[in-house]
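Chains as they are written, first to last, in the numbering used here: chain A, 260 to 371; chain B, 14 to 126.
Calculated directly from the structure, the hints in this document are not laboratory data. The beta-carbon is built from N, C-alpha and C at its ideal position, and this holds for glycine as well. There are no misleading hints in this set.
Just a few of them, taken from the derived set where beta-carbon distance is under 7 Å, the chain A residues facing chain B:
| hint | residue |
| --- | --- |
| 1 | Leu302 |
| 2 | Phe350 |
| 3 | Ser354 |
| 4 | Phe362 |
| 5 | Gly365 |
DEER-style ranges, computed between Cβ atoms:
| hint | chain 1 | residue 1 | chain 2 | residue 2 | range |
| --- | --- | --- | --- | --- | --- |
| 6 | B | Ala123 | A | Pro343 | 26 to 34 Å |
| 7 | A | Pro320 | B | Lys80 | 31 to 39 Å |
| 8 | A | Asp315 | B | Thr38 | 14 to 22 Å |
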Amino acid sequence: DAGVIQSPRHEVTEMGQEVTLRCKPISGHDYLFWYRQTMMRGLELLIYFNNNVPIDDSGMPEDRFSAKMPNASFSTLKIQPSEPRDSAVYFCASSRPRDTQYFGPGTRLTVL
Amino acid sequence: GEDVEQSLFLSVREGDSSVINCTYTDSSSTYLYWYKQEPGAGLQLLTYIFSNMDMKQDQRLTVLLNKKDKHLSLRIADTQTGDSAIYFCAERAYGGATNKLIFGTGTLLAVQP
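Here chain A stands alone, though its shape is the one from the complex (with noise of 0.2 Å):
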């Protein structure tokens, strides 16, 4: 098995730019969740899915987060426009029912 997919692993860009980042959950995995990571705020659940439905956004910063699951092994989230406080470590993880959750490598994001 090849683990949590999440591309790309760094991200340079600039403010005000649209950012996509990319999440391929493990095969057969009805559970897929967004968390971002700072020094400040350590880690926070942004989204999570249930079979490719947004259950809970409560954690998604404001209206320039979204996320969407197309299908059951793809999934975005995209910052736009993007600021330097959105600079973080990006994780996508993802579970079966009542199981542990399995991380992704995550994703660098740097705005300048």
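Once you have looked at the hints, place chain B on chain A.
Same frame as chain A, but now just chain B:
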């Protein structure tokens, strides 16, 4: 509300035992987890314990759970420099429809040679 707390930093010498502590607030938690995050990497599941257990041992790792005090600990025996990382505890609340985990702040373990 749900909250998980950990101390921020622990320093030990190579070969000593490390004990990382965690407290949680949700008494209905079913599973409690320990994750390890090495520099520049994602979180990796180390071990977990079901809420009806008091202790679980897995090679150098021992997890102790005190449900009464809502206290969880991870003991690493014979700590090695490769154990240097951030350790997160997490709880999963009862309520089977959700797989949401509540993570602690993480404890940075520094192992001195």
